[in-house]
Amino acid sequence: MSDGAERLERAFADVGRPLFVPYVMGGYPDIPSSRAQAAVLARHADILELGIPFSDPLADGPTIQAAGQRSLEAGTRPEDVLEIAAGLRDGPPVVLMTYVNTILAAGERTFFEHAAQAGVAGVIIPDLPVDEARQVRDAAGRAGVATVALAAPTTDESRMAAIGRAAEGFLYCVSVAGVTGGEVAVGDELKDFLNRARRYVHVPLVVGFGIRTPEQAAQIGEIADGVVIASQLIRLYDEAPGPEDAERALEEFASSIVSALAGVPA
Amino acid sequence: MTELPTRFGPYGGRYVPETVIGALDELEDAFSEHSEDPTFQAELEGLLGAYVGRPTPLYLAKRLGERYGIERLYFKREDLCHTGAHKINNALGQVLLARRMEKRRVIAETGAGQHGVATATAAALLGMECCVYMGRLDMERQRLNVVRMRMLGAEVRAVDSGTSTLKDATSEAIRDWVTNVRDTHYVIGSAVGPAPYPEVVARFQSVIGSEAREQMLAEEGRLPGSVVACVGGGSNAIGIFRGFMDDADVELVGVEAAGHGLATGEHGAPLAAGSPGVLHGSLSYLLQDSEGQVAEPHSISAGLDYPGVGPEHSYLRDSGRVRYTNATDAEALEAFKVCSETEGIIPALETSHALAAIGREGARLAGPVLVCMSGRGDKDVDQAGAAMGLDV
Chain A
127 MSDGAERLER AFADVGRPLF VPYVMGGYPD IPSSRAQAAV LARHADILEL
177 GIPFSDPLAD GPTIQAAGQR SLEAGTRPED VLEIAAGLRD GPPVVLMTYV
227 NTILAAGERT FFEHAAQAGV AGVIIPDLPV DEARQVRDAA GRAGVATVAL
277 AAPTTDESRM AAIGRAAEGF LYCVSVAGVT GGEVAVGDEL KDFLNRARRY
327 VHVPLVVGFG IRTPEQAAQI GEIADGVVIA SQLIRLYDEA PGPEDAERAL
377 EEFASSIVSA LAGVPA
Chain B
2 MTELPTRFGP YGGRYVPETV IGALDELEDA FSEHSEDPTF QAELEGLLGA
52 YVGRPTPLYL AKRLGERYGI ERLYFKREDL CHTGAHKINN ALGQVLLARR
102 MEKRRVIAET GAGQHGVATA TAAALLGMEC CVYMGRLDME RQRLNVVRMR
152 MLGAEVRAVD SGTSTLKDAT SEAIRDWVTN VRDTHYVIGS AVGPAPYPEV
202 VARFQSVIGS EAREQMLAEE GRLPGSVVAC VGGGSNAIGI FRGFMDDADV
252 ELVGVEAAGH GLATGEHGAP LAAGSPGVLH GSLSYLLQDS EGQVAEPHSI
302 SAGLDYPGVG PEHSYLRDSG RVRYTNATDA EALEAFKVCS ETEGIIPALE
352 TSHALAAIGR EGARLAGPVL VCMSGRGDKD VDQAGAAMGL DV
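Protein chains in written order, with this note's numbering: chain A, 127 to 392; chain B, 2 to 393.
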């Protein structure tokens, strides 16, 4: 097991409640502000997800698309996001969210060596399904970075088995067929999907896409091992009148999510 | 069932969210099953004949040939297909497949609007709901096709992200597909996208090449010396090339959009000036910066205004089987004008790039020369007319 995978799996063992995994788009709206957001959220996060902006983010809805676009317009480069990660070394494990072309352009080996140097524990690549991932996963593994696999409600049993064989750190379960920023429905479909994942995948299950409220986080906490919240944090940031208000709003929201997750019966 | 290729050399693959992998498997199975099913074949061939107007003619373009110094210049007249371009060959095939897969809705991206019109047409014919994504800039420059799609009962959704062109429309169509994958089939309009799309589209378009091959043999008693086609995503090109791929003596020439000129960086020529990368689900040559951010392309023709290209073209470029060249906006406009005036055929601005390359190379091309007249230029009259200083 890579060092990164071990750090991620240990995070689940240590906390004793479902994990809170907030997302920050690196460089949105600019590098210093995203560094400040990450620092605020890191105080409450069990794992922190840090996005590298990409020009054509297929898995993202309008909120994250717009944030990524703005970040690129501000001149953010992948190396800048790694620097933000490096600054969070003493906090919870950092997982990068990036599209595969960013990794290919840098060269797999270089990308993951730099990520490892920045203390990154894992990487989530939403456009790299398990069948295409071997080369990237090997390069990541050699650098000690975990490749976090994704599964979706449309993933059938045979694919789930293949994903189970590749999974390390945790499994990112996409809550709905769709892109980021919609609204999750905690119903039978999600439960069936997570049950299917449990049968084949032996790492913790983290659910993301469309989670907006502490109530939803708690509901998901009852059936999964963690929740990712992304677009909702960007919306909160955008709605605040100024940067300080925004950081306060993030702080309050993050702490309300953690309280909600702490109330989930073990 | 035959398995479809997922890669062309190193290119292709399936770089898409996990959510749609099942739908790609389903498409692959459906295509393999139905393409060998005589009932499906008969239905498709019947429609290609009576509805699309196939086989399209092979036409000897004497006056343009003379003008360009080419002794025998032939057009494969895809511009005479119903809806005005080769796009209908693929759209009909895919919408028929979608119905067999029991999808109730089809979606498409469109640049020039020809693929959107073709999909809207097939959806109207087969009684399916249709939604077309189109960049807002393209909606302006191809206004006529927007009206046509709406008349055909399709919903046209404007896309405002990026440069509001084909790349952005494609991304938005993929997002719709990821969200509605259970009841929606995504009718990709070119030989791009995740496997098996490039192969499926190439097979539906290969009717162009197989007809043209037979027609050349009947007409000339020999194969062409050169086959020339424009390349955006590259579906008309791959369709005609497939008829001649194994004929080593036939030179295959693909023509990309050089926009304002390759040196300006404002063009749509990834095979000439790009490098391998992943866009819209496959690995292929791509216009991108050193960090892998996809560059904004430029072409006067909306259908070639795309930073990527189908993965099979990347493979054919590297293998050397196809020679890729390019033509600028200005060269394409000049060819548009010359073809209209000498032949009484107004070509699409996309097709005009292929004509421009022929004009430039003239007698240096091995004859007879066969060019894929991929579409007609009705949709381009506003834009080309303005560029030519006509009162439109």
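Since the hints were derived computationally from the structure, they do not count as laboratory data. Just so you know, not all the hints are guaranteed correct.
Said to hold, decoys possible - If you anchor each label on the Cβ, the simulated ranges turn out as follows:
# : chain 1 : residue 1 : chain 2 : residue 2 : range
1 : B       : Val148    : A       : Ala311    : 36 to 42 Å
2 : A       : Glu283    : B       : Asp319    : 50 to 56 Å
3 : A       : Glu315    : B       : Pro58     : 32 to 38 Å
4 : B       : Gly321    : A       : Asp257    : 25 to 31 Å
5 : A       : Ala366    : B       : Arg324    : 35 to 41 Å
As the list claims (entries may be wrong) - So the derived list for chain A, only partly shown, Cβ under 8 Å to chain B, looks like this:
#  : residue
6  : Ala185
7  : Arg196
8  : Leu276
9  : Ala277
10 : Ala278
11 : Val312
12 : Glu348
13 : Ile349
14 : Val390
Note that the Cβ used here is the ideal one computed from N, Cα and C, for glycine as well.
TODO: If any of the earlier hints don't hold here, list their numbers in rising order.
DONE: 2, 3, 5, 7, 11, 12, 13, 14
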